[in-house]
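Protein chains in written order, with the numbering used here: chain A, 76 to 496; chain B, 11 to 91.
Check before you lean on any hint, since a few could be wrong.
[Said to hold, decoys possible] These stretches of chain B come out as covered by chain A in the derived footprint (C-beta under 8 Å, 3 or more residues):
#1 13-23
#2 52-65
#3 69-82
[Stated by the list, open to error] Listing some non-contacts, in silico: residues in chain A with all C-beta distances to chain B over 10 Å:
#4 Gly90
#5 Ser123
#6 Gln127
#7 Gly139
#8 Leu185
#9 Leu244
#10 Arg253
#11 Leu268
#12 Asn283
#13 His329
#14 Asp335
#15 Leu408
#16 Arg417
#17 Ser431
#18 Arg449
#19 Thr480
Please keep in mind that the hints were generated in silico from the structure rather than gathered at the bench. Where a beta carbon is used, it is the ideal one built from N, C-alpha and C, also for glycine.
What follows is the residue order along each chain.
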Amino acid sequence: MAAAACAAECGVRVGLVDDNPRLGGQIWRSESSSQQEQETDQQNPDASKWFQRMSASGVTTRCGLRVVHQPESGVLLAENLNGLCELMYEKLVLATGARERFLPFPGWTLPNVMGAGGLQAMVKGGLPIRGKRVIVAGMGPLLLAVAAYLRKHGAEIPLICEQASWGSLAAFSLALFRWPAKIIQAIQLQRDLAGIPFAANTWVLAANGQRTLDSVDILRAGRVENVPCDYLACGFHLVPNVELPSLLGCAVDHGFVRVDDFQNTTVASVFCAGEPTSVGGVELAIIEGQIAGLAAAGHATEAKALFAKRRKARRFSHVLDSAFRLRPELKNLPLPETMVCRCEDVPYSRLQQHTSWRSAKLHTRCGMGPCQGRVCGPATEFLFKWNPDSVRPPVFPARVGTLATLSEQLDLQHSEVMGVK
Amino acid sequence: MLNQLSVTVNGTPVVVPSGATVAVAVVLAGQVCRTSVSGEPRGPLCGMGICFECRVVVDGNPHVRSCQVLCRPGMEVNTEK
């Protein structure tokens with residue numbers, strides 16, 4: 076949004092395409108009822124500022140449209156529920172965001188076991204959570220934000236389980252003092268979280284239930300406890316979505332898209348901003364988006380003026396990295412029969428026989444289902460140190476009809492201009 | 011009511027808040043989204059269109075990620091067997 080608004084304000088023609096049904100990404104996606112939208116406006120002045128800038132800047136927006144392929148340079152193919160369209164661009168800014176890292180443990184495939192951000196997204200999508208008992212678990216600052224959000228919407232949170240140690244959390248809190256805005260957020264969060272028990276060095280061993288979740292077993296300070304609950308919101312920090320940048324040929328280093336000072340990837344005319352370049356939160360993403368949008372519109376001087384701000388925000392991502400590391404004990408959570416690949420139902424025991432992602436894929440179909448390894452890829456990277464293979468089109472599952480039209484002339488009436496013209 | 015709408019899930023009517031995703035309609039209907047290849051019930055995991063666990067049939071379109079689609083009045087949703 077920041078990239079689109081900044082570029083459009085420079086007077087160039089901009090189209091914004093979002094896979095989500097509503098604008099705003101995972102953090103700012105507006106909530107389902109109008110009352111909650113007002114609440115968002117009141118409580119998040121940054122969000123409303125950008126929503127206003129977006130609508131004033133004349134950006135054409137298309138939501139619920141998913142890019143699946145780039146048949147040729149400067150042309151993207153996208154699908155929605157009703158069909159497909161071709162998106163032509165001269166400059167492209169990729170802001171594909173991040174997803175949660177999921178780690179397998181017994182029972183993690185039960186309905187009502189979701190990601191932390193996953194459950195939050197469901198509640199934003201209208202899921203009633205009032206009066207439900209929710210265990211929030213995993214790793215990272217997202218857990219606190221999710222717990223605060225769920226409680227505000229009426230959920231009961233018996234416990235937040237953070238796998239990191241008190242030591243690394245203390246170091247993280249101390250480091251926060253370099254970011255006054257984060258301190259204010261932290262104080263606000265602490266107020267929202269008052270009374271919710273928080274346990275470090277604590278993680279979920281298993282989720283229990285027959286057809287749906289009824290309790291979780293947690294390991295807290297070396298002791299196993301059983302906690303009844305309606306939902307488990309469990310995620311282990313974030314993994315950048317680099318599949319589309321990779322498909323477009325952008326170089327990826329250690330899981331992150333390589334960009335220069337102007338957020339330009341290694342592919343000319345393709346920029347990237349936000350979590351795919353480094354997981355640093357919404358502030359960094361907005362600054363990167365502004366730089367990318369300005370640079371794509373040819374306003375390098377204005378972009379340069381934001382470099383110092385970005386440098387400061389990037390340091391936060393290093394602090395996050397050092398505070399939140401996965402502990403090795405989590406590698407022992409899956410039982411032999413625990414599914415690791417949820418799409419193809421490949422259990423842990425079948426994967427143990429393999430030495431690489433490629434070998435596991437070829438022999439077990441791990442990572443070959445509809446998510447294309449987006450869930451089990453990061454999990455097996457942690458469990459077995461496997462590295463994913465190259466990305467191939469389509470980057471998301473696409474209808475055969477969409478692929479069949481690749482070589483045909485497309486209906487230009489449905490096409491939109493994306494990026495900067 | 012203006013701020014609610016009705017869809018069907020596996021033929022049964024469900025009232026959802028307007029603006030709700032199809033995934034929410036499936037949960038409110040007490041259904042799971044799909045049955046895995048080995049027969050396990052599955053519901054939404056990521057909530058953001060990545061994991062494909064919440065895929066359902068919407069108005070005859072198979073493999074629709076229910077967390078990424080908003081309910082429209084009269085929409086026919088069927089879970090994947």
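Problem - Exclusion check [A/Leu185 not at the chain B interface, CB over 10 Å] - result: Since the minimum Cβ distance to chain B is about 8 Å, A/Leu185 lies within 10 Å and the statement is violated.
Exercise for the section: Count residues of the stretch 69-82 of chain B with a Cβ under 8 Å from any Cβ of chain A, then say if the count reaches three. Expected result: holds (count 7)
Handout entry: Beyond 10 Å from each Cβ of chain B, as asserted for A/Gln127
Key = Label holds. Min Cβ-Cβ 20 Å, cutoff 10 Å.
Exercise for the section: Just double-check A/Arg417 for me: nearest Cβ-Cβ distance to chain B has to come out over 10 Å. Expected result: 6 Å, violated
Problem - Verdict on A/His329 as a residue remote from chain B, using beta-carbon distances over 10 Å - result: At about 20 Å from chain B, A/His329 clears the 10 Å cut-off, so the statement holds.
Practice task
Run the C-beta distances from A/Gly139 to all of chain B and say if the shortest one exceeds 10 Å.
Solution key: Answer for A/Gly139: violated, closest chain B Cβ roughly 7 Å.
Practice task
Three residues minimum, CB to CB under 8 Å: does the stretch 52-65 of chain B make the cut for coverage by chain A? Let me know.
Solution key: Coverage by chain A holds here, the residue count being 13 at a Cβ distance below 8 Å.
Handout entry: chain B versus A/Asn283 - minimum CB to CB distance exceeding 10 Å, so not interface
Key = Since the minimum Cβ distance to chain B is about 14 Å, A/Asn283 lies beyond 10 Å and the statement holds.
Practice task
Classify the label on A/Ser123 as holds or violated, using whether its beta-carbon is more than 10 Å from each beta-carbon of chain B.
Solution key: 18 Å, holds
Problem - Beyond 10 Å from each Cβ of chain B, as asserted for A/Leu244 - result: 25 Å, holds
Problem - Status of the stated non-contact between A/Ser431 and chain B (beta carbon gap over 10 Å) - result: A/Ser431 is indeed farther than 10 Å from all Cβ atoms of chain B, at 23 Å.
Exercise for the section: Evaluate the condition: distance from the CB of A/Arg449 to the nearest CB of chain B exceeds 10 Å. Expected result: Answer for A/Arg449: violated, closest chain B Cβ roughly 5 Å.
The structure fails hints 1, 7, 8, 16, 18 (numbered hints given earlier, in ascending order).
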